[in-house]
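**Student:** As given, the protein sequences belong to chains A and B, one line each in that order.
Here the first sequence is numbered in the UniProt record's numbering, starting from 1 and rising by one per residue.
Here the second sequence is numbered in the UniProt record's numbering, starting from 1 and rising by one per residue.
No lab work stands behind these hints, which were simulated from the structure alone.
Warning: the hint list may mix true and false statements.
Partial selection, computed: residues in chain A whose CB lies under 7 Å from chain B [claimed, not checked]:
#, residue
1, 62
2, 115
3, 126
4, 128
5, 647
6, 648
7, 649
8, 651
9, 655
10, 702
11, 707
12, 712
13, 714
14, 718
15, 770
16, 771
In this text the structure is predicted, and so the values were computed from the model without any measurement.
Glycine included, C-beta positions come from ideal geometry on N, C-alpha and C.
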Amino acid sequence: MASRDQHGIHPPFADADGKRRFGVIGKPLRKVDGIAKATGQAVYADDIQLPGMLHAKTLRSPHAHARIVRIDTSRAEALPGVHAVITGRSMPIPYGVIPWTPDENALAVDRVRFIGDEVAAVAAVDEDTANAALELIDVEYELLAVYLDPVEALENCTDAIHPNPKRPERGNLSKRVELDFGDVADGFERADVIVEDDYTFHGTTHTAIEPHCAVATYSPDKLLTLWSATQITHYVHRALARVLELPAHSIRVIQPCLGGAFGGKSDPFSLEFCVAKLAMITGRPVKMLWTREEVFYAHRGRHPMRLHYKTGATKDGKVTAVDAKILIDGGAYSSFGLVTTYYSGQLLTGPYDFPAYHYDSTRVFTNKPPCGPKRGHGSVQPRFAFEVQLDEVAEALAMDPIELRRANWQGEHTKTVNGQRITSNGFMQCLAEVERASRWKERRGKLPFGRGLGVAGSMYISGTNYPIYPNDMPQAGIQLKVDRSGLVMAFTGGNDIGQGSNTVVRTIVCEELGLEPDMVRVVAADTDLCPVDLGAYSSRVTFMVGNATIDAARKLRHQIAGAVAAEWEIDPGRIFMGSGQVFDLEDRAKCISSMEAFQIAEARCDTLGSTGAYNTPTLGGDYRGGTIGASPAYSFTAHAVEVQVDVETGRITVDNCWIAHDCGRALNPMLVAGQMEGSAYMGLAEAVLEHHDVNRFGLHAGPSLLDYRIPTSVDTPELHALIVESLDPEGPYGAKEAGEGPLHPSIPAISNAVFDAVGIRLRHLPFTPGKVLAALRERRAAETAVGSAKESV
Amino acid sequence: MLRLPKFEVAAPQTVDEALALLAEYGADAMLMAGGTDLVPNMKHGLFEPKLVVSVSAIDELQGVAIEDDGTLVIGAATTLQAVATNDEVRRRAPAFAQAAGLVAGPQLRRMGTVGGNVMLDTRCQWYNQTHFWRKSLGFCLKKDGSLCHVVEGGSKCVAAASNDTAPTLMSLGAKLVFARRNSEGQVVRKTLAVDDLYKSDGAFNKKVAGDELLIAVRIPAGAPQHRGAYGKLRDRGSIDFPLLGVAVRIDLDDAGAVADADLVAVALQARPIRLKKAAEALVGNTPGKPGWDEAVDAAAEAAYGQCHPMPNIPGDHDYRREMVPVYVRRTIRAAVAGEGPVHHV
Ligand SMILES: Cc1cc2nc3c(=O)[nH]c(=O)nc-3n(C[C@H](O)[C@H](O)[C@H](O)COP(=O)(O)OP(=O)(O)OC[C@H]3O[C@@H](n4cnc5c(N)ncnc54)[C@H](O)[C@@H]3O)c2cc1C
Ligand code: SF4
Numbered sequence: 001m002a003s004r005d006q007h008g009i010h011p012p013f014a015d016a017d018g019k020r021r022f023g024v025i026g027k028p029l030r031k032v033d034g035i036a037k038a039t040g041q042a043v044y045a046d047d048i049q050l051p052g053m054l055h056a057k058t059l060r061s062p063h064a065h066a067r068i069v070r071i072d073t074s075r076a077e078a079l080p081g082v083h084a085v086i087t088g089r090s091m092p093i094p095y096g097v098i099p100w101t102p103d104e105n106a107l108a109v110d111r112v113r114f115i116g117d118e119v120a121a122v123a124a125v126d127e128d129t130a131n132a133a134l135e136l137i138d139v140e141y142e143l144l145a146v147y148l149d150p151v152e153a154l155e156n157c158t159d160a161i162h163p164n165p166k167r168p169e170r171g172n173l174s175k176r177v178e179l180d181f182g183d184v185a186d187g188f189e190r191a192d193v194i195v196e197d198d199y200t201f202h203g204t205t206h207t208a209i210e211p212h213c214a215v216a217t218y219s220p221d222k223l224l225t226l227w228s229a230t231q232i233t234h235y236v237h238r239a240l241a242r243v244l245e246l247p248a249h250s251i252r253v254i255q256p257c258l259g260g261a262f263g264g265k266s267d268p269f270s271l272e273f274c275v276a277k278l279a280m281i282t283g284r285p286v287k288m289l290w291t292r293e294e295v296f297y298a299h300r301g302r303h304p305m306r307l308h309y310k311t312g313a314t315k316d317g318k319v320t321a322v323d324a325k326i327l328i329d330g331g332a333y334s335s336f337g338l339v340t341t342y343y344s345g346q347l348l349t350g351p352y353d354f355p356a357y358h359y360d361s362t363r364v365f366t367n368k369p370p371c372g373p374k375r376g377h378g379s380v381q382p383r384f385a386f387e388v389q390l391d392e393v394a395e396a397l398a399m400d401p402i403e404l405r406r407a408n409w410q411g412e413h414t415k416t417v418n419g420q421r422i423t424s425n426g427f428m429q430c431l432a433e434v435e436r437a438s439r440w441k442e443r444r445g446k447l448p449f450g451r452g453l454g455v456a457g458s459m460y461i462s463g464t465n466y467p468i469y470p471n472d473m474p475q476a477g478i479q480l481k482v483d484r485s486g487l488v489m490a491f492t493g494g495n496d497i498g499q500g501s502n503t504v505v506r507t508i509v510c511e512e513l514g515l516e517p518d519m520v521r522v523v524a525a526d527t528d529l530c531p532v533d534l535g536a537y538s539s540r541v542t543f544m545v546g547n548a549t550i551d552a553a554r555k556l557r558h559q560i561a562g563a564v565a566a567e568w569e570i571d572p573g574r575i576f577m578g579s580g581q582v583f584d585l586e587d588r589a590k591c592i593s594s595m596e597a598f599q600i601a602e603a604r605c606d607t608l609g610s611t612g613a614y615n616t617p618t619l620g621g622d623y624r625g626g627t628i629g630a631s632p633a634y635s636f637t638a639h640a641v642e643v644q645v646d647v648e649t650g651r652i653t654v655d656n657c658w659i660a661h662d663c664g665r666a667l668n669p670m671l672v673a674g675q676m677e678g679s680a681y682m683g684l685a686e687a688v689l690e691h692h693d694v695n696r697f698g699l700h701a702g703p704s705l706l707d708y709r710i711p712t713s714v715d716t717p718e719l720h721a722l723i724v725e726s727l728d729p730e731g732p733y734g735a736k737e738a739g740e741g742p743l744h745p746s747i748p749a750i751s752n753a754v755f756d757a758v759g760i761r762l763r764h765l766p767f768t769p770g771k772v773l774a775a776l777r778e779r780r781a782a783e784t785a786v787g788s789a790k791e792s793v
Numbered sequence: 001m002l003r004l005p006k007f008e009v010a011a012p013q014t015v016d017e018a019l020a021l022l023a024e025y026g027a028d029a030m031l032m033a034g035g036t037d038l039v040p041n042m043k044h045g046l047f048e049p050k051l052v053v054s055v056s057a058i059d060e061l062q063g064v065a066i067e068d069d070g071t072l073v074i075g076a077a078t079t080l081q082a083v084a085t086n087d088e089v090r091r092r093a094p095a096f097a098q099a100a101g102l103v104a105g106p107q108l109r110r111m112g113t114v115g116g117n118v119m120l121d122t123r124c125q126w127y128n129q130t131h132f133w134r135k136s137l138g139f140c141l142k143k144d145g146s147l148c149h150v151v152e153g154g155s156k157c158v159a160a161a162s163n164d165t166a167p168t169l170m171s172l173g174a175k176l177v178f179a180r181r182n183s184e185g186q187v188v189r190k191t192l193a194v195d196d197l198y199k200s201d202g203a204f205n206k207k208v209a210g211d212e213l214l215i216a217v218r219i220p221a222g223a224p225q226h227r228g229a230y231g232k233l234r235d236r237g238s239i240d241f242p243l244l245g246v247a248v249r250i251d252l253d254d255a256g257a258v259a260d261a262d263l264v265a266v267a268l269q270a271r272p273i274r275l276k277k278a279a280e281a282l283v284g285n286t287p288g289k290p291g292w293d294e295a296v297d298a299a300a301e302a303a304y305g306q307c308h309p310m311p312n313i314p315g316d317h318d319y320r321r322e323m324v325p326v327y328v329r330r331t332i333r334a335a336v337a338g339e340g341p342v343h344h345v
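Please put together the full structure from these sequences, using the hints given.
**Tutor:** Put into structure tokens, the structure is as follows:
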């Protein structure tokens with residue numbers, strides 16, 4: 001790893017008293033785009049209106065699995081107002097966000113794989129004409145066997161969803177990963193207690209409030225410009241070049257202000273290719289805005305998983321071995337599925353140390369909207385199962401669940417059983433925080449029947465060193481331009497999807513160059529203007545772009561401080577930059593504005609600017625897949641949740657959720673708390689309300705915000721964000737991630753709290769009132785049986 | 001966004017003008033009050049009017065009045081928010097006010113009206129979907145198709161009455177004032193008991209035609225010791241339609257015993273259903289006195305026996321059935337205590 005990649009955890013400058021203090025880092029500064037969003041001035045993709053713009057719509061498959069025999073677009077083309085109609089044949093080159101699994105087409109070429117799969121697209125003068133034209137496209141289908149159940153899809157495959165002529169035996173198998181670490185048999189041998197059970201995680205989706213939207217123009221000199229509501233501009237750029245067979249340098253991709261993503265805008269999507277192609281054909285700007293229903297079909301949400309776990313532990317609670325078998329319902333395409341399959345096993349190996357671990361994960365194709373990455377990609381489901389199982393181990397050993405977790409803590413600066421390097425680790429403090437805040441010791445196990453407390457822990461990555469497509473270039477790049485006006489512009493490929501990454505960039509530039517927030521502006525996610533960053537996924541942006549920003553800003557700082565020092569004929573060490581001023585630490589009378597300092601530097605050094613980059617060190621286990629999930633730093637979380645269970649209605653009410661999260665350093669505590677609360681909200685919603693599923697016909701069960709039930713404000717519990725700062729040696733000023741980790745424990749913590757409240761174990765999501773009532777009945781029946789058995793003895 | 005089809009809008013100022021338009025356009029015209037159900041249904045291709053007749057500008061349809069005999073008269077275009085927060089309505093017809101206050105969410109209650117709620121279309125998970133979705137399904141017999149997906153082989157639509165205020169109005173013995181133009185072009189008014197409005201056909205669960213304008217809802221003065229409450233089961237604390245609704249009216253005599261009672265449930269089948277046996281179980285018993293708890297349990301048990309939710313609306317219908325006795329019990333207790341609504345948040 002280049003030395004540029006590590007910048008230490010401390011503030012960059014010493015003050016006159018020799019102490020280092022942060023200027024803006026750690027302050028709850030408002031987001032760069034906060035006011036614009038609140039006042040409606042922010043420009044989202046759908047706000048873009050261009051002269052002569054056409055509107056495009058997509059024809060979708062009404063069948064869950066069928067071969068396309070024939071498509072006739074002539075009637076649609078003849079409709080007045082229609083400018084172009086395209087089908088799969090217009091763009092036959094397949095793509096996939098993971099280069100090893102390119103199994104998607106912009107529009108179906110010869111086969112549709114779920115109800116809602118894209119078949120054709122129309123550009124017309126307005127949406128109504130485009131919609132009318134869709135009705136005039138004649139498609140002849142030949143129906144194929146439909147697979148809605150992953151077991152069925154795997155075991156009885158007659159019409160493979162993705163036929164593989166070279167390896168027909170693969171059937172509907174998407175990916176299988178089996179890995180073994182340590183001596184699992186010996187681990188179970190040594191165990192005093194073994195708990196083994198089945199768990200189910202249902203499907204859930206992102207429900208970003210902004211639906212997907214893209215606008216494209218194609219200029220006479222053959223420049224394609226695409227504005228898209230994407231969270232990964234760079235991969236869209238690459239995919240467009242591939243599918244449209246254009247040189248990448250003639251494509252510009254821009255992400256406008258984004259209304260939420262949560263992983264649901266990580267793949268390249270059909271609409272991006274379609275508007276580009278339609279703009280190329282018509283020579284006019286083309287926009288496509290999906291309906292909410294279409295967003296549900298595009299999905300890429302959380303994979304349903306059937307999980308079997310076996311955990312062994314000694315009498316004192318030390319875990320000796322973990323064995324997992326996981327069946328993953330992938331839906332119709334691969335998407336990020338290769339990574340999902342690895343993550344389902346790879347990311348379990350903290351915050352606890354276990355000496356032996358085996359997992360066997362299988363992802364299967366089914367004829368349903370494709371699954372992909374959702375906040376906490378691939379690891380929320382196994383975390384749920386395992387943290388419930390740990391509670392069962394604690395129960396079996398009559399141990400306090402927090403104590404059991406403490407007993408297994410892996411420690412700092414260590415290595416996991418699967419070879420991941422752990423640096424900072426604030427998990428013990430997270431546990432202490434939720435224990436204190438929830439008044440665990442006084443209340444857990446002692447609340448009246450129907451009320452309970454539960455705990456769970458987790459770990460998550462701050463980006464990984466797996467760059468999706470193999471290359472040796474930096475994972476994050478940034479460019480700074482210093483202007484005579486006193487303004488510094490930062491150009492970052494990082495995607496601000498509402499998480500606040502542009503604010504982080506601005507704050508770091510301010511910190512390093514001693515500027516006020518309004519002296520720095522950020523241009524982000526525009527492939528013409530900004531150096532490549534790999535985008536907003538895997539919680540990588542603060543860590544990687546943050547480090548790149550320090551790298552670039554520090555170079556500039558040396559240049560500027562050096563120039564001013566030379567001008568004043570003093571040692572550069574005496575130059576202090578802060579609050580928009582530059583002065584001599586030993587002679588405060590020597591003080592100029594940062595604008596004047598920039599001008600001195602520009603006069604002496606020529607036009608000012610710098611670049612910065614970040615790359616991960618070499619990480620990961622020495623085995624196939626060992627780099628997947630290998631992160632330069634891991635975040636840690638513990639939740640305590642307080643629930644009430646209405647034993648008559650079965651309804652679970654979450655009253656409080658205490659979220660303790662080790663984010664390394666909170667660069668902006670307001671943004672960190674926002675991410676923690678948002679994550680917990682999302683997890684709680686998945687546990688008790690949301691369910692993304694299809695009905696018996698393979699039709700989406702309710703593709704609307706009425707039927708897909710995300711919690712309203714009255715359904716949201718009190719969320720208490722407790723920030724823990726472990727200061728990671730490699731993060732920017734010690735920062736790690738905060739956007740995904742804090743989701744994980746909320747779901748198992750609810751199950752564990754319900755156990756405390758009413759003595760039932762909920763192992764199958766979602767925790768509907770009906771399931772709670774059934775479990776309560778079962779428990780009563782078991783008690784009666786025990787009671788009568790006792791009597792008969 | 002889903003697009004609205006093309007249509008024309010008229011905003012008549014008087015009842016007569018509105019009725020003239022309805023007569024002229026016949027089946028091509030539809031009335032709109034708040035539009036909170038009409039507009040989504042038009043976007044889904046369920047309603048296809050050529051002319052939408054807005055009733056918002058008709059003064060006669062607005063407001064709450066109390067007649068000398070204590071009858072509450074509520075203009076059909078009065079918003080749900082207005083009745084839910086009106087002190088007289090809350091005092092005289094608590095169940096109705098509670099139900100109005102639990103319809104949808106705050107924004108929709110400020111647009112949605114009492115008349116629109118009374119006249120609400122039935123709902124079904126196979127029906128309240130987009131045109132693309134229904135077309136992929138092959139439609140159903142309520143609209144554009146010939147099969148029912150709830151009752152296999154069924155020839156009658158069993159979509160669920162899902163209007164929260166309907167069962168409360170039934171329990172209160174409310175009457176509806178309608179106006180229409182007869183074949184001679186004269187405006188005629190009629191008064192119909194709410195009980196007689198609904199029929200058990202989910203395709204169209206009302207016994208009035210599309211050319212009849214609801215003018216007002218008349219709720220007769222209650223007994224001196226009137227008690228009422230509404231219980232609503234739904235997934236979320238806001239927005240969602242009922243998965244089950246229970247309206248309770250209890251009239252106590254001077255001694256505090258139940259002199260008369262009425263219970264009506266909604267969101268089960270095409271029309272709200274009166275839980276007669278459940279009500280009878282209460283009569284003669286005195287809240288708080290020995291035998292009361294047993295009477296309440298008997299009412300709950302009777303309701304359970306009578307209610308058979310079907311998989312018409314989303315959610316687990318077995319669970320909805322299990323909740324019948326629970327919500328009946330709780331709503332009776334709330335009514336007696338002068339509390340309610342029974343709702344989980
Ligand atoms: C997200 C959402 C959630 C909802 N949740 C609920 C809920 O929980 N409970 C519930 O009961 N409803 C719910 N609704 C439905 C609706 O909002 C309410 O029922 C509301 O009261 C309808 O009133 P409106 O004035 O908007 O009716 P409109 O939409 O204007 O009309 C509804 C129907 O009544 C007819 N109509 C209207 N006025 C008259 C009149 N004066 N004479 C004759 N016919 C008339 C119309 O032609 C139409 O068929 C919900 C709607 C949405 C969109
Ligand atoms: S009950 Fe539902 S599926 Fe059956 S006809 Fe009525 S609306 Fe259609």
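**Student:** Does each hint hold? Answer for all of them.
**Tutor:** Here is what the structure says about each hint:
{"no.": "1", "hint": "62", "result": "holds (4 Å)"}
{"no.": "2", "hint": "115", "result": "holds (5 Å)"}
{"no.": "3", "hint": "126", "result": "violated (9 Å)"}
{"no.": "4", "hint": "128", "result": "holds (6 Å)"}
{"no.": "5", "hint": "647", "result": "violated (10 Å)"}
{"no.": "6", "hint": "648", "result": "holds (5 Å)"}
{"no.": "7", "hint": "649", "result": "holds (6 Å)"}
{"no.": "8", "hint": "651", "result": "holds (6 Å)"}
{"no.": "9", "hint": "655", "result": "violated (12 Å)"}
{"no.": "10", "hint": "702", "result": "holds (6 Å)"}
{"no.": "11", "hint": "707", "result": "holds (6 Å)"}
{"no.": "12", "hint": "712", "result": "holds (5 Å)"}
{"no.": "13", "hint": "714", "result": "holds (4 Å)"}
{"no.": "14", "hint": "718", "result": "violated (14 Å)"}
{"no.": "15", "hint": "770", "result": "holds (4 Å)"}
{"no.": "16", "hint": "771", "result": "violated (9 Å)"}
The structure shown violates the earlier hints numbered 3, 5, 9, 14 and 16.
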